[in-house]
Amino acid sequence: MFDWRWDFTFQILPRLIVATGNTLLAAGLGYAIAVVLGLALVLAQRTPFRPLTVVVREAVEFIRSTPLVLQIFFVFYVGPQFGIRLSPWTAGMIAIGLHYAAYLSEVYRGGLECVPKGQWEAAKSLNLSTARTYFRVILPQALPPSLAGMGNYLVGIFKDTPMLSVIGVAELMHTANAIGSETYRFLEPFTLVGIIFLCISLPTAALIRLFEAWVRRKLGMG
Amino acid sequence: MDTTDVSAFPLRLEGEATPMVSFKKVTKSYGSLVVLDSLDLDVAEGEMVTIIGPSGSGKTTVLRMLMTLETINGGVIYVDGEPLTHMPRGGGLVRADNRHMRKMRSKIGMCFQHFNLFPHMTALENCMEGPVHVLGLAKREARERAEELLAMVGMADKRDQHPSRLSGGQQQRVAIARALAMRPKVMLFDEVTSALDPEVIGEVTNVIRQLVAEHNLTMLMVTHQMGFAKDISDRICFFYGGRIEEQGSPDELFGNPRKERTQQFLSAVKEAT
Numbered sequence: 001m002f003d004w005r006w007d008f009t010f011q012i013l014p015r016l017i018v019a020t021g022n023t024l025l026a027a028g029l030g031y032a033i034a035v036v037l038g039l040a041l042v043l044a045q046r047t048p049f050r051p052l053t054v055v056v057r058e059a060v061e062f063i064r065s066t067p068l069v070l071q072i073f074f075v076f077y078v079g080p081q082f083g084i085r086l087s088p089w090t091a092g093m094i095a096i097g098l099h100y101a102a103y104l105s106e107v108y109r110g111g112l113e114c115v116p117k118g119q120w121e122a123a124k125s126l127n128l129s130t131a132r133t134y135f136r137v138i139l140p141q142a143l144p145p146s147l148a149g150m151g152n153y154l155v156g157i158f159k160d161t162p163m164l165s166v167i168g169v170a171e172l173m174h175t176a177n178a179i180g181s182e183t184y185r186f187l188e189p190f191t192l193v194g195i196i197f198l199c200i201s202l203p204t205a206a207l208i209r210l211f212e213a214w215v216r217r218k219l220g221m222g
Numbered sequence: 001m002d003t004t005d006v007s008a009f010p011l012r013l014e015g016e017a018t019p020m021v022s023f024k025k026v027t028k029s030y031g032s033l034v035v036l037d038s039l040d041l042d043v044a045e046g047e048m049v050t051i052i053g054p055s056g057s058g059k060t061t062v063l064r065m066l067m068t069l070e071t072i073n074g075g076v077i078y079v080d081g082e083p084l085t086h087m088p089r090g091g092g093l094v095r096a097d098n099r100h101m102r103k104m105r106s107k108i109g110m111c112f113q114h115f116n117l118f119p120h121m122t123a124l125e126n127c128m129e130g131p132v133h134v135l136g137l138a139k140r141e142a143r144e145r146a147e148e149l150l151a152m153v154g155m156a157d158k159r160d161q162h163p164s165r166l167s168g169g170q171q172q173r174v175a176i177a178r179a180l181a182m183r184p185k186v187m188l189f190d191e192v193t194s195a196l197d198p199e200v201i202g203e204v205t206n207v208i209r210q211l212v213a214e215h216n217l218t219m220l221m222v223t224h225q226m227g228f229a230k231d232i233s234d235r236i237c238f239f240y241g242g243r244i245e246e247q248g249s250p251d252e253l254f255g256n257p258r259k260e261r262t263q264q265f266l267s268a269v270k271e272a273t
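Those protein sequences? They're chains A and B, same order as listed.
Take the first sequence: its letters are residues 1 to 222, numbered as in the working numbering.
Take the second sequence: its letters are residues 1 to 273, numbered as in the working numbering.
If you're looking for bench data, these hints aren't it; they were derived computationally from the structure.
The model shown is predicted, which means the values in this text are computed figures rather than measured ones.
Don't take every hint at face value.
Said to hold, decoys possible - List time: in silico DSSO-like cross-link candidates among lysine-lysine, alpha-carbon distance up to 27 Å:
(1) B:Lys25 x A:Lys124
(2) A:Lys218 x A:Lys124
(3) B:Lys139 x B:Lys185
(4) A:Lys124 x B:Lys259
(5) B:Lys25 x B:Lys259
(6) A:Lys124 x B:Lys185
(7) B:Lys139 x A:Lys218
(8) B:Lys103 x A:Lys124
(9) A:Lys117 x B:Lys259
Stated by the list, open to error - Between beta-carbon pairs, the in silico distance windows are:
(10) B:Lys139 x A:Ala40: 27 to 33 Å
(11) B:Asp97 x A:Gly168: 51 to 57 Å
(12) B:Gln263 x A:Ser129: 47 to 53 Å
(13) B:Gly91 x A:Thr47: 30 to 36 Å
(14) B:Ser38 x A:Ala40: 27 to 33 Å
(15) B:Arg89 x A:Ile84: 45 to 51 Å
By construction, the Cβ of each residue, glycine as well, lies at the ideal position given by its N, Cα and C atoms.
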């Protein structure tokens with residue numbers, strides 16, 4: 001009953017490795033979008049312009065309270081009804097980027113709240129502009145306390161990329177599933193997928209901790 | 001919210017004896033708690049005024065309002081003859097907008113109880129940030145000036161250290177250099193020795209003594225170091241309940257306080273030290 005076939009394993013491995021590239025690309029692109037967009041979301045919530053802060057706040061809550069897979073479907077299948085036709089990759093990146101941007105904006109918010117009030121006051125007393133205050137004084141100090149949360153979501157987005165398979169992005173899960181459908185063998189492809197995810201997630205988490213320490217040292221806050 | 005009509009206040013203060021800093025009927029309250037009650041206080045150019053008083057008497061608020069870290073509820077503050085909290089518009093005074101406040105803020109520098117140095121910048125970078133990015137100085141010029149100021153406060157050899165590697169007294173000296181690098185006309189010292197270990201208080205007070213002796217800066221200081229205040233101040237203001245209860249020269253106020261509350265406060269402070 002436990003019928004593991006090594007020859008089959010090695011035969012499908014190259015295909016899965018190529019797909020791993022796609023998974024990493026999807027996670028990387030999605031995360032890059034999320035990192036930048038998340039910052040925009042948190043900064044928008046701190047402007048004195050009330051309507052904007054309320055709308056962004058509610059949007060973030062909405063995204064965080066609904067499933068990612070629904071958001072992926074929504075962008076991909078509902079978009080065309082409004083004339084927005086996107087490729088699976090584009091739709092997927094928008095959906096997953098937006099989803100994680102909402103989460104990261106909350107991480108940043110926590111990081112920003114870690115910066116003592118006195119830092120804002122010192123920046124003001126030196127007459128620094130708002131932009132300069134954020135980018136040179138506050139955000140660098142908000143970064144170290146945000147890194148652990150950011151790292152969690154990096155691993156999180158990586159593990160969530162299989163959801164993109166539902167709209168046909170040829171990442172790991174999609175490829176393993178395709179191999180299964182073609183050969184009626186699911187044990188090896190899905191096991192390999194699990195091992196590949198594990199082999200990437202574990203070292204990533206460790207690297208993030210090293211990176212955190214490095215950033216603190218670099219900022220003289222070690 | 002303005003609780004007083006500002007139309008009675010002049011658009012600017014003019015004439016020979018225009019004070020560098022002038023509080024006119026300034027009121028500050030948090031809800032029903034009145035922190036400052038119709039405060040009138042003038043500080044002449046080059047004058048060193050020290051504010052003393054029990055906690056909650058509004059001393060720190062005076063400095064924070066001058067630095068525009070707090071808004072005011074009534075009255076007008078003038079700096080260098082121009083309104084700080086308001087600006088002239090259509091023949092009257094209206095609330096200062098951001099631009100006006102940035103312009104006026106450039107005349108004022110402040111040192112804080114907890115230093116508030118930027119922890120991710122070296123001592124030198126702390127002193128260059130404002131001059132380069134606010135005053136628009138060339139990096140080289142800003143660097144030379146920052147080095148001069150750090151040398152003045154005795155921190156030249158620590159210029160490449162981050163604040164976390166410096167003692168409290170050292171951090172406060174860097175903070176003084178950082179504020180001076182902006183070339184303010186008015187310097188504010190808000191309990192700058194309160195967070196320091198007793199043995200390093202002297203290194204900070206000596207820097208301030210030197211500033212008083214060698215520069216014509218207008219200074220306002222809040223402190224609990226009575227001896228220090230007595231030594232270097234031109235005038236002492238004793239605050240009580242959001243008002244100036246009594247003011248005068250250090251000799252008058254410390255040697256011969258007239259009001260009962262002043263006497264009580266001074267004897268309580270004496271007992272504690």
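Right, here's what the structure says about each hint:
no.: 1; hint: B:Lys25 x A:Lys124; result: holds (25 Å)
no.: 2; hint: A:Lys218 x A:Lys124; result: holds (25 Å)
no.: 3; hint: B:Lys139 x B:Lys185; result: holds (23 Å)
no.: 4; hint: A:Lys124 x B:Lys259; result: violated (38 Å)
no.: 5; hint: B:Lys25 x B:Lys259; result: holds (22 Å)
no.: 6; hint: A:Lys124 x B:Lys185; result: holds (16 Å)
no.: 7; hint: B:Lys139 x A:Lys218; result: holds (22 Å)
no.: 8; hint: B:Lys103 x A:Lys124; result: holds (12 Å)
no.: 9; hint: A:Lys117 x B:Lys259; result: violated (37 Å)
no.: 10; hint: B:Lys139 x A:Ala40: 27 to 33 Å; result: holds (30 Å)
no.: 11; hint: B:Asp97 x A:Gly168: 51 to 57 Å; result: holds (54 Å)
no.: 12; hint: B:Gln263 x A:Ser129: 47 to 53 Å; result: holds (48 Å)
no.: 13; hint: B:Gly91 x A:Thr47: 30 to 36 Å; result: holds (32 Å)
no.: 14; hint: B:Ser38 x A:Ala40: 27 to 33 Å; result: violated (45 Å)
no.: 15; hint: B:Arg89 x A:Ile84: 45 to 51 Å; result: holds (47 Å)
Consistency note: the structure conflicts with the earlier hints numbered 4, 9, 14.
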